[in-house]
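Trainee: Sequences and hints are given; from them, build the entire structure.
Listed below, chain by chain, are the residues.
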Amino acid sequence: MTPLVTTVLFMAALGSIAAIVLIAAARFFAVPADPRVEAVLAALPGVNCGACGYSGCAAAAAAVVRGESGPGVCLIGKAEVSAAIAKIMQQQETAAKRKIAYLCCSRNTADAKSRFSYNGPADCRAAMILYGGGKTCAGGCIGHGTCETACPVDAITMKNNLPVIDPARCTGCGLCVKICPKNIIALIEDTPAAVDKKRCAEYCMQDNLQFEVDQEKCIKCGICFKNCPVDAIVWEKGRPAFIEKEKCIGCYTCMRLCPPKVIG
Amino acid sequence: MPRRYTFNGGVHPPHSKSRTERLPIEVFPAPKKVIIPLSQHIGAPAKPVVKRGDRVLVGQVLGEPGGFVSSPVHSSVSGSVLSIGPYAHPMGRQIVSIEIENDEKNETIAFTASIKAWRDAAPQELVQQIQAAGVVGMGGAGFPTHVKLSPPSNKPIDILIINGAECEPFLTADHLLMLERTGDFIEGVLILKKILNAKKCFIGIEENKPDAVKKITSLLNDARLREIRLCTLIAKYPQGGEKQLIRAITGREVPSGGLPMDIGCVVQNVGTTVAVFDAVNRGIPLYERVVTVTGPAVGSPKNLLVRIGTPINFLLEACSFNQKSVRKIIMGGPMMGLALSDVNVPVIKTTSGLLAVDTTTPALRTYPCINCGHCIRACPINLVPSRIAKYIEKENYQAAEEWNVMDCMECGSCAYICPAKINLVHWMKLGKYHVQASRAAAAARK
Chain W
1 MTPLVTTVLF
11 MAALGSIAAI
21 VLIAAARFFA
31 VPADPRVEAV
41 LAALPGVNCG
51 ACGYSGCAAA
61 AAAVVRGESG
71 PGVCLIGKAE
81 VSAAIAKIMQ
91 QQETAAKRKI
101 AYLCCSRNTA
111 DAKSRFSYNG
121 PADCRAAMIL
131 YGGGKTCAGG
141 CIGHGTCETA
151 CPVDAITMKN
161 NLPVIDPARC
171 TGCGLCVKIC
181 PKNIIALIED
191 TPAAVDKKRC
201 AEYCMQDNLQ
211 FEVDQEKCIK
221 CGICFKNCPV
231 DAIVWEKGRP
241 AFIEKEKCIG
251 CYTCMRLCPP
261 KVIG
Chain L
1001 MPRRYTFNGG
1011 VHPPHSKSRT
1021 ERLPIEVFPA
1031 PKKVIIPLSQ
1041 HIGAPAKPVV
1051 KRGDRVLVGQ
1061 VLGEPGGFVS
1071 SPVHSSVSGS
1081 VLSIGPYAHP
1091 MGRQIVSIEI
1101 ENDEKNETIA
1111 FTASIKAWRD
1121 AAPQELVQQI
1131 QAAGVVGMGG
1141 AGFPTHVKLS
1151 PPSNKPIDIL
1161 IINGAECEPF
1171 LTADHLLMLE
1181 RTGDFIEGVL
1191 ILKKILNAKK
1201 CFIGIEENKP
1211 DAVKKITSLL
1221 NDARLREIRL
1231 CTLIAKYPQG
1241 GEKQLIRAIT
1251 GREVPSGGLP
1261 MDIGCVVQNV
1271 GTTVAVFDAV
1281 NRGIPLYERV
1291 VTVTGPAVGS
1301 PKNLLVRIGT
1311 PINFLLEACS
1321 FNQKSVRKII
1331 MGGPMMGLAL
1341 SDVNVPVIKT
1351 TSGLLAVDTT
1361 TPALRTYPCI
1371 NCGHCIRACP
1381 INLVPSRIAK
1391 YIEKENYQAA
1401 EEWNVMDCME
1411 CGSCAYICPA
1421 KINLVHWMKL
1431 GKYHVQASRA
1441 AAAARK
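Listed in order, the protein sequences are those of chains W and L.
Each residue of the first sequence is one higher than the one before, starting from 1 at the first, in the working numbering.
Each residue of the second sequence is one higher than the one before, starting from 1001 at the first, in the working numbering.
There may be inaccurate statements among the hints.
[Stated by the list, open to error] For lysine-lysine, the following BS3-like pairs were computed, each having C-alpha atoms within a straight-line distance of at most 25 Å:
#1 W:Lys178 to L:Lys1446
#2 L:Lys1432 to W:Lys178
#3 W:Lys247 to L:Lys1215
#4 L:Lys1199 to L:Lys1215
#5 L:Lys1199 to W:Lys247
#6 W:Lys245 to L:Lys1047
#7 W:Lys178 to L:Lys1394
[Unchecked claim] A short, non-exhaustive set of chain L residues, derived as facing chain W with CB atoms under 8 Å:
#8 Gly1085
#9 His1089
#10 Pro1152
[Said to hold, decoys possible] With the C-beta cut set under 8 Å, the calculated list includes, among others, these residues of chain W facing chain L:
#11 Phe116
#12 Asn119
#13 Gly120
#14 Arg125
#15 Ala126
#16 Ile129
#17 Tyr131
#18 Gly238
#19 Lys245
#20 Glu246
It is worth saying that the hints were derived from the structure and are not from the lab.
Where is the CB? At the ideal position from N, CA and C, for every residue including glycine.
Mentor: Pasting the structure below:
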């Protein structure tokens, strides 16, 4: 036999042994996989944003198939994706409640009054450790755009040092909510009513605010007393409210809520 | 030539001390109103023991210590308590403070030294007296002195170091105190030495204060005090850092995360030493301190003996402060001081100086890091500031912790030397804040 024939025969034998081992392994160690996981994964957008609470789209797909989550698992995929998943899972379609990020401050650094000028690192988290940011208002946006950097889908743009959130792009992933050191970004339901309710600070433009209740015009409703975040307001049923200057932090909450608008 | 002591690293900022280093300490009259924060030290805040409307005398206790690592606070004027409530504090937050209206009578409580002769007293008695007088580290950190003076029995102290380096540019408060109260200062050193039963005692003074060195040397020679040795230190920042001073004088190194008492050392500041003398020998609590008011925006810089609780705008006015040209008011020195956002904050036990910077000092723009390594060479504790700052910027707090960000003492040498003017210390502070928060969270989970 020539060396050539020996080699060919040897390789053929080796190949057949390997094939037998592989076939056996495939038979005995097989893990049953649900084909629906693959299908659901294909239906998901695949950006791995994590907004659903699972670590990426693959985990979300597995959760849907396991029955932990419904077709509305994907927050950013909207009706299209939930319809597709419902079809794969042969379930009733349930749309996810869409949430968007919402900034509870409406005054940029040029408009709002500030206590001092800051020239440290342009990062809200760094600015926060120095007297909690420069604005006089306790809840004011610091405005260095840390949320803009954190946003994975470019839904936040800084305009005059105030983030503007594009509701069409926002996926409600909550990364900006987590990173904002002032805690003034909230996830709210994407309905006009909810949006209107939360807007703060129509008042921070006004100068010479005394934070006093007009004792004669007060209708004694007590709304300011119930909503003051620092309990700076003294009120009893049937008596006009009174703001304790030492405790007041100037957050404008009472002014915003006062029905007859007599706090100034 | 005598040996000149120093440490590795550090920077050489201009001393800028000539404005005030020859001016004697002036007594600043007690203001109409003082605001005394209940927290002027590291540790638990004091608990108030007076009520609104009470009449208090100079030196009367306003707040009892809230624990072992805490310190009492005393009234610095006589008058009535106007209010007790949150008030702006130089460290930034609102802290519960006691507001007292001065009745201009300046009546004091009877200052009696409970100890007649400190040389015969037991160390415990002396420590109690120091604690009752509310003495805290007056160099800036405000660590209660009685805690430093009561080391655990498994950590014997053999070296006492008195920190007269005053390495912060502009400040001259400790320098003047050493010149004007040399005798009291030396006696204070002897009291501390007795309490700690230290074998060796050193006074470290930077060589840019030759008059203080000369005066103390001659006094030590005259009194034949062989047990105290004066060390002349090379004028370099941060020579007055506790760990740097120990390193320069003894060659010992404080372990990472450790305290000087772990290697048998205790360091006390000059102001603290004089306060210890006052507390032990005269029974006077810590209610006033020397503050250097200086800077380009101050017309007539001064060293003032100020009552604790005096709002700083009173001091600035007294030193013809130029409101128009001021850019920044810093409490403390230019390297480690904190810019103030409010001039109504009071002077506290740790306020060594007020620095008013004018518009000729530019606000610096930050450029990207060029990896030159100047900060690494300048860091007196051998950290890698540039890398740690990058980790923190990218929120990798775990890596920052691995690179020992918690050992950073925020001396500012790296930020001073950085050619790109990166706010390295600010990033470090942020990183320390986050690492501390995550450690607290981990401890809470356990």
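Trainee: Against this structure, judge whether each hint is valid.
Mentor: Hint by hint, here is what the structure shows:
no.	hint	verdict
1	W:Lys178 to L:Lys1446	24 Å, holds
2	L:Lys1432 to W:Lys178	19 Å, holds
3	W:Lys247 to L:Lys1215	52 Å, violated
4	L:Lys1199 to L:Lys1215	24 Å, holds
5	L:Lys1199 to W:Lys247	53 Å, violated
6	W:Lys245 to L:Lys1047	23 Å, holds
7	W:Lys178 to L:Lys1394	15 Å, holds
8	Gly1085	5 Å, holds
9	His1089	10 Å, violated
10	Pro1152	33 Å, violated
11	Phe116	4 Å, holds
12	Asn119	5 Å, holds
13	Gly120	5 Å, holds
14	Arg125	6 Å, holds
15	Ala126	5 Å, holds
16	Ile129	6 Å, holds
17	Tyr131	5 Å, holds
18	Gly238	28 Å, violated
19	Lys245	10 Å, violated
20	Glu246	5 Å, holds
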